[in-house]
Amino acid sequence: MLMAVVGSVTALFAATIAVAQNDVKKVLAYSTISQLGFMVAALGIGAYVAATFHLITHAFFKALLFMASGAVIHGMEHGHHHVEHAHGHGHDDHAHDEHDDHDQLVYDHDEHGHPIAVAADQGHGHAPAPAKQMVVASQMPGAFDPQDMMNMGGLSKTMPVTWITFLIGGLSLAGFPLITAGFWSKDEILLDAWVGLSEGFGPHALVFICLALAAFMTAFYTARQLSLTFLGEPRTPAAKHANLGMGAVSATMTLPLIILSVFALLAGFVGVHPDFPLLSAIFSPNREIPFKEFLGYTLLEKPELVPFSIVAPLASFAVALGGLGLGFWMYARKPLKAGQPDPMVAILGPIYPVLKNKYYFDELYTNVIVKPLQWFSREVAYVFLDKGVIDGFLHLTGRVFTWLGDIIKMLNMWLIDGVGDGVPELIQRFGGYFRRIQSGSVQQYMLIIALAALVIGIIFALSSGVLQASP
Amino acid sequence: MAILNIDVLSFLVFFPAVAALIVLLLPQNKLLVRWAALVFATVIAGVSVAVYFAYNTIAPAGYQFVLQVDWFRAIGASWHVGIDGISASMVLLTGILAPLAVLIGWEIDERPNMFLALVLFFTTGSMGVFVALDLMIFFIFYELSLVPMFFLINQWGSPNRLYASTKFFIYSMGGTLGMLLATQLIGITMGTFSIPELVARWPEFVGNPDNQAFLGIPVSTVKTLAFLGFFIAFCIKVPVWPFHTWLPDAHGEAPTPGSMLLAGVMLKLGAYGFLRLVIPLFPDVWVAPIDLFGFIETNWATIFAILAVLGVVLGAFAAYGQTDIKRLVAYSSVNHMGFVALGIAVAALAYGEAFVNGGVNPETMQSAILATNGAVMQMFNHGLSSAGMFLLAGAIYHKTHTRDMTQYGGFWVRAPIYGGIFIFTSMASLGLPGLNGFVSEFLVVRGAYPVFTVLTVISMLGLLLTGGYILRGIAGLLQGPFNMAWKNTRLEIEPRELIAIAPLVVLMLIIGIAPNWVLSVINATVTSWLGGV
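Protein sequences appear in the order of chains A and B. If you're matching positions, the first sequence starts at 1 in this note's numbering and goes up one per residue. If you're matching positions, the second sequence starts at 472 in this note's numbering and goes up one per residue.
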């Protein structure tokens, strides 16, 4: 029950955050949290097989999406770099936001006909070391952010392989019906929830509603991400020159994307319900879900087959296509121009900043945990306890003893003054003798001490037989 | 076993002193002095390693390489040395750190003869403590180790060195005052200073059999007072909270080799003292019930465990609150030595109860053995990682002349090798599984959990914060935007420093993966010691 609630709320909560993110990777990150919510909710209603199924398909398409977004960022960085140099002010420090392999990659571009970039960079390759790699661009205010989707747009033209694979991953995440893996696994969870709901279980109803909503939003923000990143016209010069004529994203980067997209499409067919119209005849002819059979051996008790209901796939169809449709309608029909605000801002109004700032959870943590922790560490544990109480006590003790010493010293002087002249004279004579070895230099003292210690030590050693070995 | 016809342990004690004198008297030629000191220290290291591996784990319990010759017969003190598994590992640690500290000491340009001689002389003091089997010898070397360290801080330290060295010296001297009185009390009462003999006889001492009194005072009071003399002295040295405030000052102001030896070796003297003396000599005092404020029933072992956990937690908090890199590492020592103290508290409780009741249930004893193993292991591991951390903190201080982390930042881009080693060492210090710190902290926690359950759970908070301050150190030093003030400073680690840290890094990894070559030596001794109560 608790798991079901936590899972559903997580799924919905993270999906709403993902809707308002502009960072290409943050959308995916919150999407991951949301999808994990799906899985936990599924576990909460006992849909163990469905949860595992979604875990596996999600692994394929989310890995694909993250790698593809990495390719996008890589392409954007190169586009940005290219633009900086081509415009002749490439000697600013923040042009050097690249990684160590940067020089190497730029030299590769030579073959692709970008002599300006190469020339500019050669100049830099021999620049004095300190100017290099000093500052990460994203940390400078107003610096170019290669992960911001608002800086992208139209990348489908410059990065076609990445576009197609990203599209496949995105559709799978959105649960595009029938041909993507994500559809089958999400459908399975919804089916479990629906069957429970129709039998009158409360948690199942909650899970079904939350997850259907979350799935709708998933489809929506995926369409938003795809449109903002790949469709329309480039919104910055960097996006226009992204990937430098398809040279920056190498085959080693695209090959994994292609492999993963095959799985993102086909991996779902191992979990087709035997009562699913038409397709079940192909993928589960033995009236058993192959994935469930596979998983069944690892379980203590093989789960029973959930009866099929047409409502679940219909819901999946509806939310996936509805979300995608709405997303593309908003963002792809009239792609954003440079500088144009996100239509979400107007639609959501005051809610938008809340979502954009992740419900202020980071601020909450900062204020409730981090700041008090820092304050306690610095002010209580260190300044108050150690410096104040303990050291204060020590210093007080020290002062008391110094004061006592002063009193005794005064007492002594007064006493000695009272004694006759003979004794002081004697002391003076001895003092004069001793003064000669009291040079005040620590080294000399040390030397005398060390010599004395050695002499004494040798005498003892000789007399005691230390220098003879033990028998 | 003998070297040049001299008993090997006596050689380990006296050779550094002789070497120190030679280095002191050498002509003021930096190159010559440095190499001479390094060669001498390497000899010490070589002999320590040889002794460690010649130590026989399978042999029956007791001390090995024992040598006892008459020295001060009038008071019953003799030159009595020998090692068991615990001292063997400490001798090894001292031997490993000595040449590394000398190598780092090469960076001192001012009076190098004296500096390197003091470093070597310090080795004499600590070796003497670890091999001593005579209470008088133990005390003498315990005090002797203080002197060179005082001068190292006082003469070659950072600007606030006078305050730090005075505090360190007076604090330590104040602690050993009670220890001296207790040593004399025990030695004169028993007529001997031999530790094995005292361990056998002193706990049974009842004074006047008629009224259980000694010099007219109840024996239990006498014992408690003697106990406190040792207890406070060693608490200061470990340091156990709240006796720790000398440490951040001393560590912070000391020159890098001084910090390395201070953290790596000197703190172990205190922990070693607990294991060698306080637990075996006062088993009944540790577990004697104390009525606090009339309603809290406790005993010294539990109080010690509470202080240990306070050290773990508040040490971690204080470390988290630092902006000074060396103070951060210093407080991390308070934090890590807290685990040593926790392990010792478990050992004390189990040993004491076994002594008083004639045995404890096997599970408690098993936990105590684990915790003690963990404590000794933690002493060894902390010696490696804290020396490494101070080396690295000192390396960056030497180049930037500031310890303020807010003035660092982004050093990784300019010092990638340094950064990698810093992170590695930090992770070892943090207790990342696979590196050395994890092994010992796990053992301590596993052993302490059944005995001090609540306290161990609280100490986990300290472990969490350990991650916090370590990451804070890494972030402050290596990450973030680069501070342009250092753009013309060479920040990368120097080859000499790299050579000095390499053995530590290698050992951290080896012990993390295969700790048995150290653990088996410690375990043989701990098992027979605790099992034989």
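No lab work stands behind these hints: they were computed from the structure. Glycine included, every Cβ here is placed at the ideal spot set by N, Cα and C. You may find that some hints are simply not true.
With a Cα cut of at most 25 Å, we get these calculated SDA-like pairs of lysine to any residue [claimed, not checked]:
| no. | chain 1 | residue 1 | chain 2 | residue 2 |
| --- | --- | --- | --- | --- |
| 1 | A | Lys387 | B | Arg943 |
| 2 | A | Lys358 | A | Gly339 |
| 3 | A | Lys387 | B | Lys870 |
| 4 | A | Lys387 | B | Pro760 |
| 5 | A | Lys387 | B | Ile774 |
| 6 | A | Lys409 | A | Ile390 |
Just the calculated beta-carbon pair ranges, DEER-fashion [claimed, not checked]:
| no. | chain 1 | residue 1 | chain 2 | residue 2 | range |
| --- | --- | --- | --- | --- | --- |
| 7 | B | Arg961 | A | Leu447 | 54 to 60 Å |
| 8 | A | Val442 | B | Asn954 | 35 to 41 Å |
| 9 | B | Met931 | A | Arg333 | 51 to 57 Å |
Some, not all, of what chain A presents toward chain B, calculated at C-beta under 10 Å [what the hints assert, rightly or not]:
| no. | residue |
| --- | --- |
| 10 | Ser198 |
| 11 | Thr236 |
| 12 | Thr254 |
| 13 | Leu255 |
| 14 | Pro256 |
| 15 | Lys387 |
| 16 | Leu447 |
| 17 | Gly457 |
We went through each hint and held it up to the structure:
At roughly 21 Å between alpha-carbon atoms, A/Lys387 and B/Arg943 fall within 25 Å of each other, so this suggested pair holds. Proposed proximity of A/Lys358 and A/Gly339 is supported: the alpha carbons are some 23 Å apart, at most 25 Å. Restraint check: the Cα-Cα separation between A/Lys387 and B/Lys870 comes to about 29 Å, which exceeds 25 Å; the hinted pair is violated. At most 25 Å may separate the alpha-carbon atoms for a hinted pair to count; A/Lys387 and B/Pro760 exceed this at roughly 33 Å.
With a C-alpha separation of about 23 Å, the suggested pairing of A/Lys387 with B/Ile774 holds against the 25 Å cut-off. For the given pair, A/Lys409 sits about 28 Å from A/Ile390 by alpha-carbon distance, which is inconsistent with the 25 Å threshold. Checking the proposed 54 to 60 Å range against B/Arg961 and A/Leu447 shows it is violated: the Cβ atoms sit about 37 Å from each other. As the Cβ distance of A/Val442 to B/Asn954 is approximately 37 Å, the hint placing it in 35 to 41 Å holds.
In this structure, B/Met931 and A/Arg333 meet the distance hint of 51 to 57 Å, their C-beta atoms being roughly 55 Å apart. For the restraint placing A/Ser198 at the interface with chain B, the shortest Cβ-Cβ distance is roughly 46 Å, beyond the 10 Å limit, so the hint is violated. Given hint, A/Thr236 at the interface with chain B, is violated; its Cβ is 24 Å from that chain's nearest Cβ, farther than 10 Å. A least Cβ separation of about 30 Å between A/Thr254 and chain B goes past the 10 Å threshold, and the interface hint is therefore violated.
This hint is violated: A/Leu255 has a C-beta 29 Å from the nearest C-beta of chain B, more than the 10 Å allowed. The criterion of a C-beta within 10 Å of any C-beta in chain B is not met by A/Pro256, whose closest approach is roughly 27 Å, and the hint is violated. Taken as an interface hint, A/Lys387 checks out: its beta carbon lies about 8 Å from the nearest beta carbon of chain B, inside 10 Å. Satisfaction of the interface hint for A/Leu447 is found here, the shortest Cβ-Cβ separation to chain B being roughly 7 Å, below the 10 Å cut-off.
Taking 10 Å as the C-beta cut-off, the interface hint given for A/Gly457 holds, the closest approach to chain B being about 7 Å.
The earlier numbered hints that this structure contradicts are 3, 4, 6, 7, 10, 11, 12, 13, 14.
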